[in-house]
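S.K.: Sequence:
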Amino acid sequence: PSFLGEVFKGSCLSTSDITLLPHRRLTFEPCLSSAYPDSVNSWSLMNQTALLLAAGQGNISCVDFLLRHGADPNIANKDRETPLLTACEKPNEAIVELLLKFGAQVNRCSVQGETCLHVACRHGQLNLCRTLLEAGAELNRKNIYGLQPIFTAAQHGHADIINLLASKGADINGQAPDGASPLFEACKNGHVLAVEALLSLKADANRSMKSGLLPLHAAVQNNHSRIVSLLIPLTSMVRVRRCGISPLHVAAEHNRDDIMALLIQSGFDVNSRLSCDRSAMFEDRRSTALYFSVINGNLDAAEMLLVAGADPDLDVFNPLLIAVRLCWMEMAALLLHYGANANAQIATEPCSFPAAILLRMESLPMLKLLLDHGCDAAPCFDCPYGGKTHPPVTPALLPSILFQFCEVVSGCRGAGPIISLLLDYVGHVRLCSRLLDVLDSRSDWKPIKLKALPPHPLMQLCRLKIRHQVGVRKLKLLHTLPLPVTLVRFLHYDVHSLRRGQH
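Each residue of the sequence shown is one higher than the last, beginning at 1 in the UniProt record's numbering.
One should not assume that every hint holds.
Simulated crosslink set (DSS-like; lysine-lysine; CA at most 27 Å straight-line) [claimed, not checked]:
#1 LYS210 with LYS368
#2 LYS451 with LYS368
#3 LYS188 with LYS168
#4 LYS168 with LYS101
#5 LYS446 with LYS368
#6 LYS101 with LYS78
#7 LYS78 with LYS90
#8 LYS142 with LYS90
#9 LYS451 with LYS465
#10 LYS446 with LYS388
#11 LYS465 with LYS476
Hints were generated in silico from the structure; no laboratory data involved.
My request is simple: use the sequences and hints to build the entire structure.
M.R.: Next up, the structure:
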């Protein structure tokens, strides 16, 4: 009696040393049933009955004994899990069939809203799904997340179960509260066989989430190239434009270079822009796939887009300015080669000279790269104060004034070489009083001041005139003309090559 009293006085039967569940203790069952005939449905502090524990342990003999002695198969624990749900979780087909035989309710659900069919679909138990369906399991019962069993099968990639559920009438195009479909879930998780099964059943590849994203977006984001190739022929370009974000944006944002190549090859527009509401999600109001690639520092992806015809000047904040600000020489050179505007401005930081100079003037190699590709140096010397004393800049005046080059460069330790380099790219200019003060601050910068005085070398003036006549965008084509190499180098300011040639 003391032994039997310990079994059901409230301890957890699954961990107790005196549990009746192991096979070696089956000899106590007759003793238990005769001494405590009403205890078969007693439960522990966790609301676990002996039947639930036996089902969870896979002990079919104990399950059979308890059921034959009146155990209720529909008593659930605190999480509303019944013995049948527990048996499906393991899973154990024999115990499931036994519980169903003794009246277990097949559509009871847990606190998560999961039915036995949800559980069987999650574990990929095809035969168990058949058994449950034959017992009356509801095909379209939703859990608390609004997901039907076919969603669960799609999430976990069980194509055979998807086919079974579809043959019984499951809605393959049903949608969760967020708009996700079984196809979307399979694409997101990279289950190729499940995607193929759903597409063969005519699942709609153009059914979008409430956010507007299509299954193709999910496959691209999660780098499932095989699924992307399956979806491209079935995805409507009209629906892509309507959702406000191209798969190319997603590929660029997540550095999916191989998929980007596939999308470009398939005809997706490299100049597609984010919709206004999607662009507003980013502080910099980015809108193109190229911008994503540039800000990620992905040189290969940026080049891929540019070669395919991407316009480098479509974004509010020019991608070139990002490359310049971060001193990415290769990226900046690539963008300039494909026609990026070297004179782009920043709407929120107005200045009287090109913003690229403002962002990285202290890097002489970057500054020279910009000037070689048409960045206009003349506005740097167009100061409204001229030879007059410059008034102090107060915080109250900042919102209403343009940044002047002389004000900015005066705070740079390397101001002299910066001014000297800029003078190589202009004709007749007059240095303002602030620039003269800067150059007078160091004795070794005095020759730079003389450099600005007329007369200027005829070669420099001729070079400026030729470059102006040819135009910035055609300068890169000079090497295709039947011109002397030395002349081409001269026009490109290739000073080091010229010096090597002279020696």
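S.K.: If a hint holds in the structure, say so; if it does not, say that too.
M.R.: Hints versus structure:
1. Simply put, LYS210 and LYS368 have alpha-carbon atoms about 49 Å apart, too far for the 27 Å limit, and the pair is violated.
2. Note on LYS451 and LYS368: the hinted pairing holds, with a Cα-Cα distance of about 18 Å set against a maximum of 27 Å.
3. Pair hint LYS188 plus LYS168 holds up; C-alpha atoms about 25 Å apart against a cutoff of 27 Å.
4. Proposed proximity of LYS168 and LYS101 is supported: the alpha carbons are some 22 Å apart, at most 27 Å.
5. Restraint check for LYS446 and LYS368: satisfied, since their Cα atoms lie roughly 22 Å apart, inside the 27 Å limit.
6. Between LYS101 and LYS78, the direct Cα distance comes to roughly 24 Å. Compliance with the 27 Å bound is thereby established for this hinted pair.
7. For the suggested pair LYS78 and LYS90, the alpha carbons sit about 19 Å apart, so the restraint of at most 27 Å is met.
8. With a C-alpha separation of about 21 Å, the suggested pair LYS142 and LYS90 falls inside the 27 Å cut-off, and the hint holds.
9. Restraint check for LYS451 and LYS465: satisfied, since their Cα atoms lie roughly 19 Å apart, inside the 27 Å limit.
10. Between LYS446 and LYS388 the alpha-carbon distance is near 20 Å, which keeps this suggested pair within the 27 Å criterion.
11. Pair hint LYS465 plus LYS476 holds up; C-alpha atoms about 16 Å apart against a cutoff of 27 Å.
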